[in-house]
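Fit chain B to the given chain L structure using the hints.
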Amino acid sequence: MSDLLANKEAAVQAVVEWMTKKAGNKTKFYFNDFSKIFPDDKPRDIKKVVNKMVEEEILEYWSSGSTTMYGLKGSGIQHSSEGEE
Amino acid sequence: MAKHKTPLLDQLESGPWPSFVSDLKAQAEKRAKNVEGVEFQIPQDCIADLLGVVELSYKHGRTHWKHGGIVGVFGYGGGVIGRYCDQPKLFPGVEHFHTMRVNQPAGKYYTTDYLRSLTKLWDLRGSGVFNMHGATGDIILLGTTTPQLEEVFWTLTHDMGQDLGGSGSNLRTPADCLGQSRCEYACYDTNALVYFLTNQYQDELHRPAFPYKFKFKLDGCPNCCVASIARSDMSFIGTWRDDIRIDQDAVNKYVENAAGYPANAGAFRGSRDWGKFDLEKEVLGLCPTKCMMFKNKKLSIDNANCTRCMHCINVMPRALKIGKDTGLSILVGAKAPILDGAQMGSLLVPFVEVNPGNDYEAITQVIENVWDWWMEEGKNRERLGELIMRQGFQKLLEVTGIEAMPQHVSYPRTNPYIFWKEDEVEGGWERDVDEYRKHHLR
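For the protein sequence lines, the chains are L and B, in the order given.
This note's numbering numbers the first residue of the first sequence as 1 and each following residue consecutively.
This note's numbering numbers the first residue of the second sequence as 86 and each following residue consecutively.
It should be emphasised that the hints constitute simulated quantities derived from the structure, not laboratory data.
In this text the structure is predicted, and so the values were computed from the model without any measurement.
Take the hints with a grain of salt, since some may be wrong.
[Unchecked claim] Taking beta-carbon pairs under 7 Å as the criterion, some of the chain B residues facing chain L (in silico):
| no. | residue |
| --- | --- |
| 1 | G153 |
| 2 | A277 |
| 3 | N465 |
We treat Cβ as the ideally placed atom computed from N, Cα and C, and that holds for glycine.
Bound-form chain L, shown alone (with noise of 0.2 Å):
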């Protein structure tokens, strides 16, 4: 596991700074995005530091019903854009 992905706090604000510097384009990534964040760790080992964020209410998930992708909480279409709350 790289240095970054190691330090739970530096990877999250790694992540975050990624998301919210793409975010004036898009504000839904594909998990294998972040492999872009960390480039020589495994898959699994970045999936429990996603996890983890998804947990801590940081990223949500937002899934097509075939296709899943993660964004910052409360960025992009939410609830209230469907009319719900």
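Same frame as chain L, now just chain B:
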């Protein structure tokens, strides 16, 4: 009187088959009357509006559902699919109409008490409309609103001992046939293995990190009642490696058309006059590898050439039985035709033991090696079958550590060249020039 006029849907009811339109109309009426006094937690007229929006879609020739969303239950990345109507003013009852998937029990064994609890819950907190079952065997609950999702999930998990199924880039709900619980052809206990895999891979089922969907399906024998070979990324099909067991007396009873020995266990009896049973025409002549012979009232099978097609066993179940040394074959890469057309599964492991005693180690090893490769190399929305096409079956053999064998060959090679890798050649690519020059002058 119906809330919306539905002439196009009404026409669908005129066909010979049971109609979903009639079912929806009945449910709309049931909710309108509400004889049981249910305190509906979503709009009472949601089904009337559902009929309205479906009618509009037929009229326009395009859907009025928006696809996907952030809806879900806490901690789960699957099991809930967001559905929103793009005509909320016309059909407010289905403005938010999310789908939930419920992980069906192994072999789809339900108690009536369980089904009553489920319908009661869904009448209260959803539309009351089910799809029994989805493509992975899930019970599909069609139509509820976001505030009801956690409520439904709480009741399912706390009161009914029931989990949600898979959706999105997850392991989908594993599906199986009835297996040894009902079927004499089953070569392994599909119910036990599907239960084990479901528990073992909970993280993969609920927390999506795959490039796309991944499906397990389990068939107890090569009859493939679940059609795992065509419908799953990884298919587990029961097989045997010894000989088909033959009861010669029973074979002759079939030949003599004896009472109690109808072909195909009488499955086709009465559909038309099939005439007398003809072993030569109906069994030996239809054997795909022609590995059977009947001479002097004795049936013999060249088992080494048998492909386990099951035809002879299906036709004469009282005379022929599966072997005793049973296990399963693993096939990989089947998929529907979104990219590159539909694909059937390719045989990866011809025979593997099914041993619950060591937590099915031989099977989980293959699964996890395949996943590690696909998670690293798979592109976004690329199914395993597409990755195999892109990088080659040989690569799959490398990552799973499986030696190539004749059963892997589906057709003769079309490329005359053989490209060796350095580690496959004795001494590698390095050579001792001095040693070479001893024998070959400049």
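Results for each hint:
no.	hint	result
1	G153	holds, 4 Å
2	A277	violated, 27 Å
3	N465	holds, 5 Å
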